[in-house]
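Chemist: This is what each chain is made of:
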Amino acid sequence: MNSQSPALKVLVAEDHAPSSTIMCRMLEHYGYDVVVARDGEQAIEKYRSEKPQLVLMDVLMPRMNGYEAVRQIKEIAGDDFVPVIFVTAIHDEDALAKCVEVGGDAFLTKPYSHTVLKSKIDAMLRIRSLHDRVVVQNRAISHFQDQLLNEQRVAEKVFHTIVRSGRSGEQGVRCVNSAKSIFNGDLFLTAKRATGELHFLIADFTGHGLSAAIGALPVSDIFQSMTSNGCSVADIAEVMNAKLKRILPGDMFCAACIGSVDAIERRLTLWNGGLPPVFIVDGNNRIRERLPPAHLALGILDEQKFDRSVQVFALEPRDRIFACTDGLIDAPIATGGRFTQDGYEACFEAPVPSNMQFDWIIDSVREIGEGNQNDDLTLIEIDTNLDESVSVAKTAAASRVPSTWETSLRIDMPALQTFDPVPHFLRLLSEIQGLDSHKANLVTILTEMYVHALDGVLLGMNPELRADHAGAPRYFEERTAKLRALERGSIYFSLRHRVEGCGGELIIQVASSGGEKNFNQVPLSGRRLPLLRTLCDCVYVMGSGNCVEATYRWGVSH
Amino acid sequence: MGVKATITGDGQTVTIIPEGRFDFNCHREFRDSYSSRPANLRYVVDLVRTQFMDSSALGMLLLLREHAGGDSAKVQILNSVSEIRSILDVANFGKLFDIR
Numbered sequence: 000m001n002s003q004s005p006a007l008k009v010l011v012a013e014d015h016a017p018s019s020t021i022m023c024r025m026l027e028h029y030g031y032d033v034v035v036a037r038d039g040e041q042a043i044e045k046y047r048s049e050k051p052q053l054v055l056m057d058v059l060m061p062r063m064n065g066y067e068a069v070r071q072i073k074e075i076a077g078d079d080f081v082p083v084i085f086v087t088a089i090h091d092e093d094a095l096a097k098c099v100e101v102g103g104d105a106f107l108t109k110p111y112s113h114t115v116l117k118s119k120i121d122a123m124l125r126i127r128s129l130h131d132r133v134v135v136q137n138r139a140i141s142h143f144q145d146q147l148l149n150e151q152r153v154a155e156k157v158f159h160t161i162v163r164s165g166r167s168g169e170q171g172v173r174c175v176n177s178a179k180s181i182f183n184g185d186l187f188l189t190a191k192r193a194t195g196e197l198h199f200l201i202a203d204f205t206g207h208g209l210s211a212a213i214g215a216l217p218v219s220d221i222f223q224s225m226t227s228n229g230c231s232v233a234d235i236a237e238v239m240n241a242k243l244k245r246i247l248p249g250d251m252f253c254a255a256c257i258g259s260v261d262a263i264e265r266r267l268t269l270w271n272g273g274l275p276p277v278f279i280v281d282g283n284n285r286i287r288e289r290l291p292p293a294h295l296a297l298g299i300l301d302e303q304k305f306d307r308s309v310q311v312f313a314l315e316p317r318d319r320i321f322a323c324t325d326g327l328i329d330a331p332i333a334t335g336g337r338f339t340q341d342g343y344e345a346c347f348e349a350p351v352p353s354n355m356q357f358d359w360i361i362d363s364v365r366e367i368g369e370g371n372q373n374d375d376l377t378l379i380e381i382d383t384n385l386d387e388s389v390s391v392a393k394t395a396a397a398s399r400v401p402s403t404w405e406t407s408l409r410i411d412m413p414a415l416q417t418f419d420p421v422p423h424f425l426r427l428l429s430e431i432q433g434l435d436s437h438k439a440n441l442v443t444i445l446t447e448m449y450v451h452a453l454d455g456v457l458l459g460m461n462p463e464l465r466a467d468h469a470g471a472p473r474y475f476e477e478r479t480a481k482l483r484a485l486e487r488g489s490i491y492f493s494l495r496h497r498v499e500g501c502g503g504e505l506i507i508q509v510a511s512s513g514g515e516k517n518f519n520q521v522p523l524s525g526r527r528l529p530l531l532r533t534l535c536d537c538v539y540v541m542g543s544g545n546c547v548e549a550t551y552r553w554g555v556s557h
Numbered sequence: 000m001g002v003k004a005t006i007t008g009d010g011q012t013v014t015i016i017p018e019g020r021f022d023f024n025c026h027r028e029f030r031d032s033y034s035s036r037p038a039n040l041r042y043v044v045d046l047v048r049t050q051f052m053d054s055s056a057l058g059m060l061l062l063l064r065e066h067a068g069g070d071s072a073k074v075q076i077l078n079s080v081s082e083i084r085s086i087l088d089v090a091n092f093g094k095l096f097d098i099r
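Residue numbers (numbering that gives the first Met the number 0), protein chains in the order written: chain A, 0 to 557; chain D, 0 to 99.
If you're looking for bench data, these hints aren't it; they were derived computationally from the structure.
Mimicking DSS-like on lysine-lysine, the simulated pairs with C-alpha atoms at most 27 Å apart in a straight line are:
{"no.": "1", "chain 1": "A", "residue 1": "Lys119", "chain 2": "A", "residue 2": "Lys8"}
{"no.": "2", "chain 1": "D", "residue 1": "Lys94", "chain 2": "A", "residue 2": "Lys244"}
{"no.": "3", "chain 1": "A", "residue 1": "Lys244", "chain 2": "D", "residue 2": "Lys73"}
{"no.": "4", "chain 1": "D", "residue 1": "Lys94", "chain 2": "A", "residue 2": "Lys242"}
{"no.": "5", "chain 1": "A", "residue 1": "Lys481", "chain 2": "D", "residue 2": "Lys94"}
{"no.": "6", "chain 1": "A", "residue 1": "Lys45", "chain 2": "A", "residue 2": "Lys97"}
{"no.": "7", "chain 1": "A", "residue 1": "Lys304", "chain 2": "D", "residue 2": "Lys94"}
Remember, it's a predicted structure, so these values are computed and weren't measured experimentally.
All chains, full assembly: derive it from the sequences and hints.
Modeler: Here it is in structure tokens:
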């Protein structure tokens, strides 16, 4: 034995005093700490009080023999492994077999050589230390497993709360989201913008469990709050990406598709990063457009490298949108292989009515998957004939006591190319004045005035085309190009609010200057001016059309 | 199963070959195949023996790219066919890797 570790304690049970003494001397010579018992009963007693690490046991002893003593010692030891070596003069094979039967780990017949006894002890102690290690590891593993299961449960709870609270319950929106393990990393959220567009998000996190739940929290928060603040799909994608890039480890990301359905202007705006193609399905149930992912998933690129550009598509009256996660494409099928993109697309060839197509796809995956419903997929369908009526925010949250304040903002190039000031003012209005029940009106007013100033005056485009659903995609393409090419120009916003009766009066002025060409003298024409006039108490167009002032009164008794 | 890595030619190129299923189970092996090598080498992931790949494999490729210098990395992905190619395409990994 080496001097650093404490001496191992060995119990010697032997009724024959000279044999016992010889054995003890030998053990002490090798450095063991020796405890002696004269019979079986004493052996049990000593075992309890001294807790030896190894037992050498004679078979034939008074009061209680070795067999019974070992049986009891092994019972007391329970899960602890205490090697027992029978040392006996018996040579009868049955008796020796019994040594092992009662729980002994080895036997040695007298007379024995010291060397043999020593090596038996060494071998036994080696097994013992192996056993100890396994026990410690098992304990650690089972503790770890409990912890993991518990964490999974917590994560599941968090995730499901997000999923449950994250849908605005729109009619015409269907979703199947099934989970393989405790839950998968798929997320589907919808929210309605104050102006009536339906925002949706379908996301697939790498990894399941806790990691998906961690990412789902900020994604859901950002999606809901930015949508309610009137932000655009591109803004939402950009903020989500920056947040996920910061919080997720390098090998984790979130494949996501963020979209906006404008049921009135018949337009789909889409940012798709890493999810399978989104389909626009026409009134004849055929795929009219395949919109492949244009971007990397969220959480991969740095803020500076992130591409926020969206795709804009015109919607026909009976169009529906289908989107899925790769779980659908990769769903295993009974004949081996996967469902595949082709299998998915083939579902749209089937002669089923449009209200059955969604179920048809799900049934197809499950049917050829041999009824195996342990899949891990998400499929959504959005009927673009959502609520046709212009939605006005339902909750008439109390507005704050009116006060007098004003603010102004001037945006020059290049901030004009990326910054959308409308959400900024909306937040300001909401924080200072409440006005949540007026949000829909205010978003529309601010947006219309801003579009007139930027698209109409500075870019020289005809904003009417923006609302023309067939022309919209080209319009947005052209707008992006013109905006990129714009070298000079600025837009000035002024918001003045004052108390009026028991409510308030808000005067919004938006003016633009600069631009490449002379002012295009674009009057607020067509749909725009009447719309503003409907919403506002009065509207003035000034200068050459480059300055518009609108007055909006709230809470004023007429 | 497994990941093989060899230094080829000029000693400037590390070729990593994931075999069979390229998924979370070979996470450690994949990382070990490059983590002790300098960042400024050329890295090639050869998928010639890969039959299956999932999104955790995409994560592993991102870590390799980070190791090899992020945006300045020269990571090539070779021999990606059919299903594996479409996974890389849907993820738009062509924007980050040289896929052939």
